[in-house]
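Student: Now for the letters of each chain:
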Amino acid sequence: MSNHPAPNFKNPVIRWVDSRLPVFSYVHAEYGVFPMPKNLNYFWNFGALAMVVLMVMILTGIMLAMQYTPNVDLAFNSVERIMRDVNSGWLLRYIHMNGASMFFIVVYIHIFRGMYYGSYKNPRELLWILGVVILVLMMATAFMGYVLPWGQMSFWGATVITNLFSAFPLIGESIVQWLWGGFSVDNPTLNRFFALHYLLPFIIIAVVALHVVALHVVKSNNPDGIEVRGPQDTVPFHPYFTAKDSLGLAVFLFIFAFFVFFAPNYMGHPDNYIEANPLVTPPHIVPEWYFLPYYAILRSFVDGWWIYEIFFGWWSEAKLAGVLAMFGSLIIVAVLPWLDTSKVRSCRYRPIYKWAVILFLINFIILGWVGGKPAEEPYVTIAQGATMYYFFHFLILTPLIGWIERPKPLPASISEPVLKAGSGAQFAGASAAKMEKS
Amino acid sequence: MAEATQPNSDHEEDSGRRDFLNYLAIGVGAVGAASFAWPIINSMNPSKDVLALASIEVDLSQIDVGSAIKVVWRGKPVFIRHRTEKEIEEAKAVDISTLIDPETDADRVQNADWLIIVGVCTHLGCIPMGTADGEPRGEYDGWFCPCHGSHYDSSGRIRKGPSPTNLLVPTYTFLTDSTVRIG
Ligand code: HEM
Ligand code: FES
Chain F
1 MSNHPAPNFK NPVIRWVDSR LPVFSYVHAE YGVFPMPKNL NYFWNFGALA MVVLMVMILT
61 GIMLAMQYTP NVDLAFNSVE RIMRDVNSGW LLRYIHMNGA SMFFIVVYIH IFRGMYYGSY
121 KNPRELLWIL GVVILVLMMA TAFMGYVLPW GQMSFWGATV ITNLFSAFPL IGESIVQWLW
181 GGFSVDNPTL NRFFALHYLL PFIIIAVVAL HVVALHVVKS NNPDGIEVRG PQDTVPFHPY
241 FTAKDSLGLA VFLFIFAFFV FFAPNYMGHP DNYIEANPLV TPPHIVPEWY FLPYYAILRS
301 FVDGWWIYEI FFGWWSEAKL AGVLAMFGSL IIVAVLPWLD TSKVRSCRYR PIYKWAVILF
361 LINFIILGWV GGKPAEEPYV TIAQGATMYY FFHFLILTPL IGWIERPKPL PASISEPVLK
421 AGSGAQFAGA SAAKMEKS
Chain X
1001 MAEATQPNSD HEEDSGRRDF LNYLAIGVGA VGAASFAWPI INSMNPSKDV LALASIEVDL
1061 SQIDVGSAIK VVWRGKPVFI RHRTEKEIEE AKAVDISTLI DPETDADRVQ NADWLIIVGV
1121 CTHLGCIPMG TADGEPRGEY DGWFCPCHGS HYDSSGRIRK GPSPTNLLVP TYTFLTDSTV
1181 RIG
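The listed protein sequences correspond, in order, to chains F and X.
Throughout the first sequence, residue numbering follows this note's numbering, covering 1 to 438 in sequence.
Throughout the second sequence, residue numbering follows this note's numbering, covering 1001 to 1183 in sequence.
Everything labelled a hint here was simulated from the structure, so no lab data went into it.
Because the structure is a prediction, the values reported are computed rather than measured.
Glycine included, each C-beta is placed from N, C-alpha and C at the ideal position.
Among the clues, some could well be false.
[As the list claims (entries may be wrong)] Just the calculated beta-carbon pair ranges, DEER-fashion:
(1) F/S174 / X/L1099: 22 to 32 Å
(2) X/I1041 / F/W315: 26 to 36 Å
(3) X/A1025 / F/N41: 20 to 30 Å
(4) X/I1041 / F/Y273: 52 to 62 Å
(5) X/I1041 / F/L279: 29 to 39 Å
(6) F/V280 / X/D1049: 17 to 27 Å
(7) X/T1104 / F/W90: 37 to 47 Å
(8) F/W90 / X/D1049: 29 to 39 Å
(9) X/A1034 / F/F327: 18 to 28 Å
(10) X/L1099 / F/Y273: 34 to 44 Å
(11) F/R84 / X/L1051: 30 to 40 Å
(12) F/W314 / X/A1033: 32 to 42 Å
(13) X/L1051 / F/Y42: 27 to 37 Å
(14) X/L1051 / F/N41: 44 to 54 Å
[As the list claims (entries may be wrong)] Distance condition first, Cα-Cα at most 20 Å in a straight line; then the derived SDA-like pairs of lysine to any residue:
(15) X/K1160 / F/S19
(16) F/K244 / F/V280
(17) X/K1048 / F/A250
(18) X/K1070 / F/V280
(19) F/K420 / F/F183
(20) F/K219 / F/E309
(21) F/K244 / F/A48
(22) X/K1048 / F/P169
(23) X/K1048 / F/A48
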């Protein structure tokens, strides 16, 4: 993929392998000398962090699977056994539980970074779409994983979410029974969710691989959002980004460890320590925090809401409208490259859109907050307003601002601001390390 | 000209036959793949043992007038209510054109004393409250779903809230006056 000549390995074994299967050349080209824009900031750490969390999830997950029993009569107790009797079982489980939350935090920041610096634009559209595919697969994985401990939230979360498919006319009921393998969430459901929860992370790895291959074709965007003009604008991945990613990773692991050791259940729900009971619904069902914004969108669609009545009321029930809007809220992220009409990538040079993106983030947080509240006033109205704004941002604001906004002048190259700041520095590459944060 | 078209039309005839063979091969392959896909997909549908457990018999003699019980059928609760005169009257008196999902009470019961319905909210599947003594029964003397606030009446019909349809009536048969088979 890269035109760098294969390095001359000194070790004869490495040389022997490499001339038959060029894995060492590959790593050298893609992670050794790979050219990275030298103005990247710490937001560019999150892809590597996501990769690490994925590995941690798979490792702890496989260890948990050795102790876990996917059967409605045994599942809850097998998780309690992991917590009490299995050596370090509590640690494995708390890492896996909080790891899911960490994964979503990291990926949400990673996506928001892309939105702010315009990383989704030509030529990175496919890279962006693969990212959205990963997000959707992660959601499916986490949803099914949460069902496995077979607590009250596991059971009722699974019931409410699978019932969403009953909203589709005619075939809805058959789809739901097919998903369940029965007439309610029950043993067949738990078994298939376990099988799929084991499988999906490996499919995620495959999509991540495509994501990375695509990245290494189009290369990294940067905070200025302008093209790399030549070697003076880049530094090699190693040692610059191996070092920077390691520092970021250390800070991240501190935060992760804090939750695992000091607040392991902070992001969970106490009802999930009550064994599933198909005959009693907990009074207030909430999904995991990372699903709350979408849950808020789902619940916003009720009879009488004017947006619903205008766009859906005449052809669809409120339940179906909510389901479509929820799936739509993810699909719309995938088509963002075609909704944004501006040629300028980075919000650094987009004085209006910059604020739109920040407002979008605030609105997303509001959606998450109301998603966790009971469905009553004033939360319903707030959720509806925020849902409206979510779609308004993508469908109206984003194209419109692209047309009317006058971007600030772009620097001629990535090194230009560096050269200006470090007056007298003749070789931009030489001062790259010092300037990298500017 | 003629010489030029001759091999050309030959070629066309040839490619037509080749296309046909191509489509045939792809078609047979597609049918084969589909007939292999179906059993795989179908294996996820409810299995025979799940279907076999799909009916139960319930003894009604222990249920006093005015009270109700929950029994488990196909992994979900069925509500059986021994209705009072007042509840029956209320259920019959409603003008069905005012209902969200219009159905007469007579369409929903075989014996007016006994209301037998699947206790799963038709909104998103919670269990409505109102079966056990002391639970809230909503504004229409039936059931109340706490999840998103659906009110059902004494015939299990949706009267207020987000549910689109009435609580489901399962298929059932009275075996004797006091036993019923559900499913
Ligand atoms: C994409 C990566 C993954 C995510 C986001 C994820 C997410 C989750 C979540 C949210 C739970 C519920 C935690 C709880 O409340 O107990 C869970 C449980 C579980 N996961 Fe995963 N998981 C991932 C990968 C894996 C892998 C690769 C395996 C290997 C088989 C696995 C095996 C398990 C097992 C056995 C449980 C049940 C035990 C428990 O509840 O702690 N997971 N997962
Ligand atoms: S599930 Fe009963 S009101 Fe939503």
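Student: All hints are to be evaluated individually against the structure, with a verdict given for each.
Tutor: Hint check:
no. : hint                         : verdict
1   : F/S174 / X/L1099: 22 to 32 Å : holds, 27 Å
2   : X/I1041 / F/W315: 26 to 36 Å : holds, 29 Å
3   : X/A1025 / F/N41: 20 to 30 Å  : violated, 55 Å
4   : X/I1041 / F/Y273: 52 to 62 Å : violated, 36 Å
5   : X/I1041 / F/L279: 29 to 39 Å : holds, 31 Å
6   : F/V280 / X/D1049: 17 to 27 Å : holds, 26 Å
7   : X/T1104 / F/W90: 37 to 47 Å  : violated, 58 Å
8   : F/W90 / X/D1049: 29 to 39 Å  : holds, 36 Å
9   : X/A1034 / F/F327: 18 to 28 Å : holds, 26 Å
10  : X/L1099 / F/Y273: 34 to 44 Å : holds, 41 Å
11  : F/R84 / X/L1051: 30 to 40 Å  : holds, 38 Å
12  : F/W314 / X/A1033: 32 to 42 Å : holds, 40 Å
13  : X/L1051 / F/Y42: 27 to 37 Å  : violated, 57 Å
14  : X/L1051 / F/N41: 44 to 54 Å  : violated, 59 Å
15  : X/K1160 / F/S19              : violated, 73 Å
16  : F/K244 / F/V280              : violated, 51 Å
17  : X/K1048 / F/A250             : violated, 53 Å
18  : X/K1070 / F/V280             : holds, 11 Å
19  : F/K420 / F/F183              : violated, 70 Å
20  : F/K219 / F/E309              : violated, 45 Å
21  : F/K244 / F/A48               : holds, 10 Å
22  : X/K1048 / F/P169             : violated, 26 Å
23  : X/K1048 / F/A48              : violated, 48 Å
Checked against the numbered hints above, the structure breaks hints 3, 4, 7, 13, 14, 15, 16, 17, 19, 20, 22, 23 and satisfies the rest.
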